[in-house]
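Protein chains: 2
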Amino acid sequence: MRLESNFGTTVIEQDVEHAPRNDWRQWLIGRPLQTADAPHQTIGKAVGLAVFASDALSSTAYASQEIMMILAIAGSGALGYVFPISIAIVVLMAIVSISYQQTIHAYPGGGGAYIVARDNLGELPAQAAGAALLTDYILTVAVSISSGVAQISSAFPNLYAFRVEIAVGMVFLVMLINLRGVKESGITFAIPTYFFVISMVLTVGVGFFRYLTGSLGTVVNPPAFSVEGAIGIVTPFLLLHAFASGTAALTGIEAISNGITAFKEPRSKNAGITLVWMSSILGTLFLGVSFLAGAIKSVPSEAETVISQMARTVYGSEGLLYLAIIGGTSVILIMAANTAFADFPRLSALTAADGFLPRQFTFRGSRLVYSRGIVALAVIASLLIVAFQASVTRLIPLYAIGVFLSFTLSQAGMAKRWWKSGHLAADEKVVERGSTLTLDRHWKLKMIINGLGSVCTLVVMFVFAATKFKDGAWIIIILIPAVVAIFSSIHHHYKVLAARLTLENYNTPMRVSHNRVVLLIAGVHRGTLSALAYARSLSADVTAVHVSIDPLESQKVVDKWNAYGEGTRLVVLDSPYRLFIEPLMAFIEVLLKNRQPTEVLTIVVPQFVTTHWWENLLHNQTALMLRFALLFKQGLVILEVPYNV
Amino acid sequence: MRLESNFGTTVIEQDVEHAPRNDWRQWLIGRPLQTADAPHQTIGKAVGLAVFASDALSSTAYASQEIMMILAIAGSGALGYVFPISIAIVVLMAIVSISYQQTIHAYPGGGGAYIVARDNLGELPAQAAGAALLTDYILTVAVSISSGVAQISSAFPNLYAFRVEIAVGMVFLVMLINLRGVKESGITFAIPTYFFVISMVLTVGVGFFRYLTGSLGTVVNPPAFSVEGAIGIVTPFLLLHAFASGTAALTGIEAISNGITAFKEPRSKNAGITLVWMSSILGTLFLGVSFLAGAIKSVPSEAETVISQMARTVYGSEGLLYLAIIGGTSVILIMAANTAFADFPRLSALTAADGFLPRQFTFRGSRLVYSRGIVALAVIASLLIVAFQASVTRLIPLYAIGVFLSFTLSQAGMAKRWWKSGHLAADEKVVERGSTLTLDRHWKLKMIINGLGSVCTLVVMFVFAATKFKDGAWIIIILIPAVVAIFSSIHHHYKVLAARLTLENYNTPMRVSHNRVVLLIAGVHRGTLSALAYARSLSADVTAVHVSIDPLESQKVVDKWNAYGEGTRLVVLDSPYRLFIEPLMAFIEVLLKNRQPTEVLTIVVPQFVTTHWWENLLHNQTALMLRFALLFKQGLVILEVPYNV
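Protein chains in written order, with my numbering: chain A, 1 to 645; chain B, 1 to 645.
Keep in mind the hints are simulated off the structure, nothing from the lab. Any given hint could turn out to be false.
It does not matter which identical chain is used: a pair holds within one copy or between any two.
DSS-like cross-link-like pairs, simulated, lysine-lysine; straight-line CA separation at most 25 Å [stated by the list, open to error]:
#1 LYS420 <-> LYS560
#2 LYS297 <-> LYS45
#3 LYS470 <-> LYS556
#4 LYS444 <-> LYS269
#5 LYS495 <-> LYS556
#6 LYS495 <-> LYS560
#7 LYS269 <-> LYS45
#8 LYS45 <-> LYS264
#9 LYS429 <-> LYS444
#10 LYS420 <-> LYS556
#11 LYS593 <-> LYS269
#12 LYS420 <-> LYS470
#13 LYS297 <-> LYS444
#14 LYS269 <-> LYS470
#15 LYS470 <-> LYS560
#16 LYS495 <-> LYS593
#17 LYS593 <-> LYS444
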């Protein structure tokens, strides 16, 4: 590092030895990385699909089942509606995908909902998008991991009782991997994603072939399915409710628009093509699963997933191919959680840099990752999993509102952007933080496409909120505004502080004309006297203060002070109630009241030096208590002098 | 308060307004008391009996039952041994009482086991006695409260399921009463104690009368008593085991010797007579209960106490007299816990003053009581009650070892004392802390009496430890040495510290020749500049230090420093691993290594002033982290300058 300097200031660049210590953290997450080590790799379309699609594709593992869970309320006859509802969802998916295509080309620097809303709609919508996305990433972790564990316990029913423990363990495993820092590239991601895609395509393909040839049959020994209390009537509300559950299939579709910078040039084009691939695979698999689930008369259950029922029916046994699809599904679900672990810390760092979250979230840990965001995500997601007992069905009502809110805001922002574009002069050019805006010839069409997407997702959001309100959606409806309120008050704090600290209109340098030093003494001994020596080096105006709790002890202090105090003024504060902090505070208040503007009051507290931590328990932590009692008073400095004996 | 002073030192006595605030604590425990308010009342024999006897007398409520619990192992036939075993215990009680008579006369200033052992046997036995007594007071609370709750739930069986909650609630109630400060006098104590004594005497008397007239009969509907698995054979071990359980009757007998100073003059004589009264009542009631328990064929049970069975058999109904004895027994048991609440804090303050426990235990709270000891006792006793589910039978094995160890040490100390007395010249006089020692004509006889008491209680302790080892006594056998080890290491710490701080051989006053000031800066703003002004007032040798995590940010800092830093030297520490504390520590280490003996290094940390506590979460707590990282380095002072903007 080379820093420039001019006269009057010496800049010394020092590289003292301070390599981080080798402790348990290094063992767990690996040796620290230097800032200069940050990788700058880019990826192609095939790897890009693997990296960004796991979240979206993984929802094929549970979306059909969640539709069935709702329809089952009307009895097993209602399960025939699974396929039509799935088609409606795929249409919605297509609209959203086309809308996002435009975002990708307009924001080659990365166009997540937060950035698009911030640049085009303003501060409040940006905060809402940020709150929605952060909530959503947390739920992605909880839902994906819970669903992954459900797949595993479908194959190994004995593990069902331990699903919460396994799920929390998985969350912390993914957290550790992310604290180590995952490179968003390479075969680590490609192998499991393609393995999942291939085994899904194979299963759906074989299933479809056997259906056409009439040899498919239905599920053997389906899980227990209680039709007791089924209402038997399919109401429009029920269909909307089932549709809302199925929209979980759309989660993760925005991932590519966040990560455009990771693609090889021409990155917008590559990212756009990858989005088309992803949407096509997702739509096909989702429709396939929904169709086969109906064909084999599968039954929704927490004990065995629909994927597991489908696989064992298609292959006719629980052999290798069955285990392959179960394994592939479990792994892709856990990788979907991993996507959230990549996005949540990045977004929290971005909002923190904008002053909506504590600045600490912008700090990159020893492995160059935003470690505080990673840990925060793991902790909150684990709490959710425990609270909801790792049940996907109970978590789903909380899930999609945030997703659809961010879709809506993102696409509304794009529509607004096209409108602005249409009102620019032909040669005008507006450079914003994330992109460059020029007149677009097709701005009206593009505005309509994004506008349509925005309206569709807004309607779905309301459908979702209404149909799932009492199942848990109300939590999110309260939570998101609450998070926005927190963002705002944090932002307010930073703004006020910056205004108070600014050097604009700063003319006369501050100066300290007089330093009044107060030395606290409990007894008179070598420690006190070394503190006295220090206090006298600070100022000629030193007052020793002793709080008297026991008159006999205080007389000893006074006598010793006469002998050793070098004539320093001593004030004895009588404390009839045996309090320590309070009389001192009262005394200091009086001194502060008579303070001149350029005068400073310094409190010197002698402090024991202990060799072992537990020895601190043997002493009153006066200095620490005083620190918290006095720290925030104007014109007051607290200072601890260790006993140097 | 009037303190003497001489030339060279000004003593100011200040009485700034600092009356303690009126908060929830005042509401709970009452307005604070001044040190001068400490009461100096003394009490007569009748009140003295009420104050000091509740612990001892209350053991009649469970001692007989605990003997029966053990004998029941050999089947209901073995219960006939209750009375003979009780006689043996009363004989032991007589020996101990006579032995303690001598202590009372030798230590008119108060002769608890700790003081007697400390003055006559040395440091280690004193620590052992202290550990035994403190353990014992904790168990007194747990056992008495549990037994009190057992009495209540005998009368109201519905409460049995909530016994742990009720017991813990009682402990905290007694704690609150003690934090308010109980005056050890007056009718508060006398009424319940005498009510209990009278109702017990009445019950035993009526029972004995009906027994003699043949109208007593046996318990109607005794609680379920399982003889299944009863071994049927009465072994000597079983008898010793039952005897050991019964020795719980002796607990509390030492209370008077601790509290001699509370008596009216001639206090030793008054205290001695009170001890005789107490032992007589205790012995009589205990024998009476044991006899009647056998006569009515009562059965030991956790669900209904023997006292309850006896009372309803004697009175033939569960009417007013039955409720009177149950109520009286419950109250006296809770008062016995109260005795421990008086003794534990006093003893812990005493051992703390001797340097065996943290000094904080000597602090008297706003109500002039040793509040820390009171709270510590309540917390530990509650944990015990929860761990042992408020079962007296499960707690008893932990109980008496501490009591008997302190009896043994106390009486051995007395024996040693008589031996010393016998070897003094006729006119010689040794003044010790607690008493005056002169030649005693009867020293041999007195030595034999105390020696006999000591040997008896030692033997009982071993019997107890052996017979109850696996029931839980092992916990105490490990715990007491562990506590002694803790005492020793605390004592060592204070001794070493005192040696290092002493002003003996202190000649040349310390002085500070040079103050090297290091000012930490993260950015350059008004806060930094006010800290700079302060730093420059301390010393001409100021170095600003900036830890560079982001080169772009650092360049801004350097540029601003050039403009506003008033030419102060700036050191930029490059931190490639984005660490903050570590590079700083390394830099400071280098400065410290080159330090002159009379040079001091001062670290100035600018500190945000926040209005709300939560705003601290929005800033790195650098100052606090540095405090803990650097506090204990030699020759280093840390100083926080609040941003005064």
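Hints, verified against the model:
1. LYS420 <-> LYS560: neither (81 Å within a copy, 38 Å between copies)
2. LYS297 <-> LYS45: neither (38 Å within a copy, 90 Å between copies)
3. LYS470 <-> LYS556: neither (72 Å within a copy, 53 Å between copies)
4. LYS444 <-> LYS269: within (22 Å within a copy, 109 Å between copies)
5. LYS495 <-> LYS556: between (53 Å within a copy, 20 Å between copies)
6. LYS495 <-> LYS560: between (53 Å within a copy, 20 Å between copies)
7. LYS269 <-> LYS45: Only inside one copy: LYS269 and LYS45 sit 10 Å apart there, 101 Å across copies, limit 25 Å.
8. LYS45 <-> LYS264: For LYS45 and LYS264, only the intra-copy Cα distance (8 Å) is at most 25 Å; the inter-copy one is 97 Å.
9. LYS429 <-> LYS444: Only inside one copy: LYS429 and LYS444 sit 18 Å apart there, 113 Å across copies, limit 25 Å.
10. LYS420 <-> LYS556: Answer is neither; intra-copy 82 Å and inter-copy 35 Å both fail.
11. LYS593 <-> LYS269: neither (68 Å within a copy, 60 Å between copies)
12. LYS420 <-> LYS470: neither (40 Å within a copy, 85 Å between copies)
13. LYS297 <-> LYS444: neither (47 Å within a copy, 101 Å between copies)
14. LYS269 <-> LYS470: This pair counts as neither: shortest intra-copy Cα distance 43 Å, inter-copy 78 Å.
15. LYS470 <-> LYS560: neither (74 Å within a copy, 56 Å between copies)
16. LYS495 <-> LYS593: For LYS495 and LYS593, neither the intra-copy (30 Å) nor the inter-copy (42 Å) Cα distance is at most 25 Å.
17. LYS593 <-> LYS444: neither (67 Å within a copy, 72 Å between copies)
Comparing the model with each earlier hint shows violations of hints 1, 2, 3, 10, 11, 12, 13, 14, 15, 16, 17; every other hint is respected.
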